[in-house]
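Protein chains: 2
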Amino acid sequence: MSDPLVLFMPSGKRGRFPRGTTVLEAARRLGVYVESVCGGRATCGRCEIEVQEGHFAKHKILSATEHLSPVGAKEARYAEKRELAPGRRLSCSATIEGDLVIDVPQEGAANAQIVRKDADNRVIERHPAVHLRYIEVEEPDMHHPLGDLDRLKAQIRKDWGYNRLDADFHVLCDVQKTLRQGNWAVTVAIHHDEEEDAARIIALWPGLKNEAYGLACDIGSTTIAMHLVSLLSGRVVASAGAPNPQIRFGEDLMSRVSYVMLNPDGRQAMTKAVRLEISRLVDRVATEGGVNRSDILDAVFVGNPVMHHLFLGIDPTELGGAPFALAVSGAVKARAADLHLGLNSGARIYMLPCIAGHVGADAAAVTLSEGPHRQDKMMLIVDIGTNAEIVLGNRKRLVAASSPTGPAFEGAEISSGQRAAAGAIERVRIDRTTLEPRFQVIGSQLWSNEPGFAEAIAATGLTGICGSGIIEVIAEMYLSGIISEDGVVDGGLATRTARIVSQGRTFAYLLHDGEPRILVTQNDVRAIQLAKAALYAGTKLLMEKQGVERVDAIRLAGAFGSYVDPIYAMVLGLIPDCELKNVSAVGNSAGTGARMALLNRSFRREIEEVVRRIEKIETALEPKFQKHFVHAMALPNKMDPFPKLRQQMELPPCKALSEEPRRRSRGGARRKAEILKPRRRCTGQSGKES
Amino acid sequence: MSDPLVLFMPSGKRGRFPRGTTVLEAARRLGVYVESVCGGRATCGRCEIEVQEGHFAKHKILSATEHLSPVGAKEARYAEKRELAPGRRLSCSATIEGDLVIDVPQEGAANAQIVRKDADNRVIERHPAVHLRYIEVEEPDMHHPLGDLDRLKAQIRKDWGYNRLDADFHVLCDVQKTLRQGNWAVTVAIHHDEEEDAARIIALWPGLKNEAYGLACDIGSTTIAMHLVSLLSGRVVASAGAPNPQIRFGEDLMSRVSYVMLNPDGRQAMTKAVRLEISRLVDRVATEGGVNRSDILDAVFVGNPVMHHLFLGIDPTELGGAPFALAVSGAVKARAADLHLGLNSGARIYMLPCIAGHVGADAAAVTLSEGPHRQDKMMLIVDIGTNAEIVLGNRKRLVAASSPTGPAFEGAEISSGQRAAAGAIERVRIDRTTLEPRFQVIGSQLWSNEPGFAEAIAATGLTGICGSGIIEVIAEMYLSGIISEDGVVDGGLATRTARIVSQGRTFAYLLHDGEPRILVTQNDVRAIQLAKAALYAGTKLLMEKQGVERVDAIRLAGAFGSYVDPIYAMVLGLIPDCELKNVSAVGNSAGTGARMALLNRSFRREIEEVVRRIEKIETALEPKFQKHFVHAMALPNKMDPFPKLRQQMELPPCKALSEEPRRRSRGGARRKAEILKPRRRCTGQSGKES
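Chains A and B supply the protein sequences, listed in that same order.
Residues in the first sequence are numbered consecutively from 1, following the numbering used here.
Residues in the second sequence are numbered consecutively from 1, following the numbering used here.
Just so you know, nobody snuck in bad clues.
Which copy is meant is left open, so a pair is good if it fits within one copy or across any two.
Straight-line alpha carbon distances no greater than 27 angstroms define the calculated DSS-like cross-link-like pairs of lysine-lysine that follow:
id, residue 1, residue 2
1, Lys-396, Lys-581
2, Lys-177, Lys-272
3, Lys-177, Lys-333
4, Lys-158, Lys-209
5, Lys-396, Lys-624
6, Lys-377, Lys-13
7, Lys-377, Lys-545
8, Lys-74, Lys-158
9, Lys-545, Lys-581
No wet-lab data here; the hints were simulated from the structure.
If we strip away everything but chain A, and leave its shape as in the complex, we get (with noise of 0.2 angstroms):
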């Protein structure tokens, strides 16, 4: 009779092993990584396992949950105490008795998005850098008279096995009072992020400890978002989000590093700053997760290169020209100390790799979160602020590049532009007869023409225009016939409406007729041309790299690819056509990159290796470039007049489309039903008139 056969799930390894063989034991010999603490003392409970009952044909596995050895007595103990939910197991106790197919819980899955499929439906599993480990010491012996950490490592190595084990310098002074509280039993940190690397003891405390955290964070210029992570279930257990402090050095990244290029301590205030920021956050998610700072061990951060110079405190100046040259470009390992973070005393933090001097570890995160490595399709992903970092590819090939977009996209060098904030407006209609307006505005889900509109917006006034509603008014302007395919405002309409009003030698279209009187200019729309085909060149660079005429898919990150209808974004010209329910706003995914890096050490050896790999494409050397530029300046664009596009617009009718329901929202606002007819352009005819 052959050894029982063993499918774990949801990894698919498998494997046959004798019976008696404990669950824990073969999922390590396979690979599989099942949490555990205490080294199958059945006390920790960490190591649950469910048995999937049933016929596994495909597999040939008849699994049953009899084919477990009975709840023994350590584990009745531990259900006892601790309560095990029906059908769970501890892998410790539990022996294998006949062919099964286990599942290992994956907690953090449902609630935080960490388990993500790629196009081969491959899961994720967790494998933090940092886990505890529950070690009995034996008691000092004059005979061998071993020192109290050298016992501790011996053990260590004992029951877990590593190559080369050292301590961090704070763990000596800690060790001899730590073990004697315990009793001589401890649960040590092991810091253990490379394969053929040093694990190091990077904490320890005495007895049992079952819990420890990390932090995964997202240095946006405008906004730090931060989640605080289980490491031992991969639960997000808080999140927060401030406003990165550093705005008030620099509204955008430019002007921050002209700042810190002007003043000789300028880069060392916003390191401060940041870095306050960050700690004050750690509080916030501390205190709603009712958990201890010095009980978070590892965190994750990604941002732009700038940010990431920042948090680091390395002076940017070199990313301000031309070569552009990142101070490192690989992964940074430090200690949280080093950054003076106020974590546990042995805390890591780990960076991702930056990808060239304007494409940062925010678009590495994006990248390990959506995957264009891990498939065949071939995926856009553009992550927009004043640079427009692109990134191009399938598995076989990424290339990866930024734009200059300037920052009209973040509402700056826009007349009535600003940051999204309450009281910008952030969507518009235009009335395809009347040239009438409507739109909404950030914090109330009315329009404007809706009854009660003014009372809801009371409170916050309405104060300008954000990127997300320029691109909108721009592009519905453009389908009303208000602007021209080359981005001129038609003069000729004055005569028709009152909302087209004249400037000296150019015409604006008046959006809103109040209290502040919001116009959007010539200027505005030249503004915003630019912008979009600045990025379109690079997009447009990057598939002729790949030698594609078209992408299968697009994801719009960071917090204009959030708020951006991507239907406008195409019908501008911002992002090459592409099939609608393939393009999806992907805001959170640099925070879930950075998630996946905190729970599982292998996706930093993933994400290090693929952004070795990538090719970077700079757009100020490629002659093509302005090529591209100039003929993307038009409305749509020359080179790509959305036939994809307009054949969903068109067949089946506009409404079905713009019914979809938005991929994200701000504050649960549900686009209304409507219809986008764009009124004469829609053929690819150039006729301006009605």
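For this one, chain A is given, so just place chain B on it according to the hints.
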């Protein structure tokens, strides 16, 4: 025609290499450490070698300077700019053109005793854990936007080859500026302490940096001694010593441990005190050597377990009682910044392993320096303090123990005792007939019966009697018949001389009848008997473990060991009988061991391995210890009536013997020729009358 044969001295490594191979390359392939910072650019001059001319019949080599390529352009340029001593060549430029015997200069050798020979004539080469590497880095390239640090690392790997190379966090913040200052050429300091371990960039400078320094520091309970050493030549640049400021918390080790137990912030206060004093010593040696503190990159510390713990910031309380558990016994590696030592930000520290709870890193350093494990002779190493640390063994086997001698040898528990300091009596002679004493005082080279003595000691005065003085006076009292074999002061002699003074039921010897009045009391004799019995019993125990009746060589380490006269130590029975010529004081041996570990990382591995295999004997747990102790109370010992010593003292006449110069002298004082005339007990008889 076969390839030329090249022999490197002093290592003796040899091999054949094709003509045209550089000498540096040949050395590397043979694993001969030849320094090179610039990596073969003929600019650093660190790779100088010399050719030994002549016919080396034993090696079948006819070596001649013409067997090296002629001086080329690069080498000539170097010689012009930097001066190349006659006969010296740069091994990176000179190529092999015929058979050669190459001398790799060991500059540290003569100066600093770094090169030590053991019984096998083995010569120790330099191979420090921190080395400098000059690197020319590629400029940033927008097509390949690798970070500055990443390009630097890539170039280091390419030029010098490291498996894994990381950088200290602080390097991230310096790399940009330094690369640009050096116009893309920098010198990096790399810490690479173990073959398989990751190397780390710990510091960098613009352009070529040609010198770096390390510290070797022996933290004694009484004195801290420090050497500043060039890591590139091995030369000792400066040395300094200072009293351990912890003395104000407690004279001896146990009183310092008590201080910690009784004072909540005692540990911190003592840690701070010793680190502050070490920092002051760094200032002194740096100033004396004309060296910047930030050029100090590595530091090796040794000390007994209590000093070791307090320096590292570890509570030493556990060392105050059984089982005398060390917090850490293995070698400790840390960053100097962890201990706030104010060296280069990336500087490392290394502390040698401790052997047992009472046998510390200082004993390990002495073992490393004296090398019992490198020879066949049975060597006894004794380091006397409050506890005597004893190591006995040879290549095959090493055993170690500590014996509770108490502080009598340090002058404590002795009625007129004091630490070895100016004003203390350190040498004593007693006339065998008149029983009149004469003595020498620390700070003067005159005997007390010589003209000018009073004036010579006027500055310091006469303050007491130190350890070596006590040993001598009691040995002399024994040799003069004042005390019996069982240590009783003979009151009967009071009738012959006023030097014998009644003290109730016991008698004392009046060593100095002035201010102060110095008596050697019966209690003093008893205290020394107890101390020496403990020491001898420990030694005897180890000899039994080794199964030997005699030892071949004795090394007396530490301050007491430096000052005590081996003859008197043997007369009194502190140490077992041995050929006098094989007994030597090695007072600076711990410092030498520290320097060895500083200059060659192989010594770190060597002592780590040796300490692991030393068998630790706990005297308190050995039933025979008590028996040996009782037997060793007699003068000299019931077990060991020093036949060797007696033989040497009688044949040839004692005079020759006692004229042998002292191996180590304080203040350059040389022992005057004098006669040790044992009056009665040299015959081994126990008769007590004259």
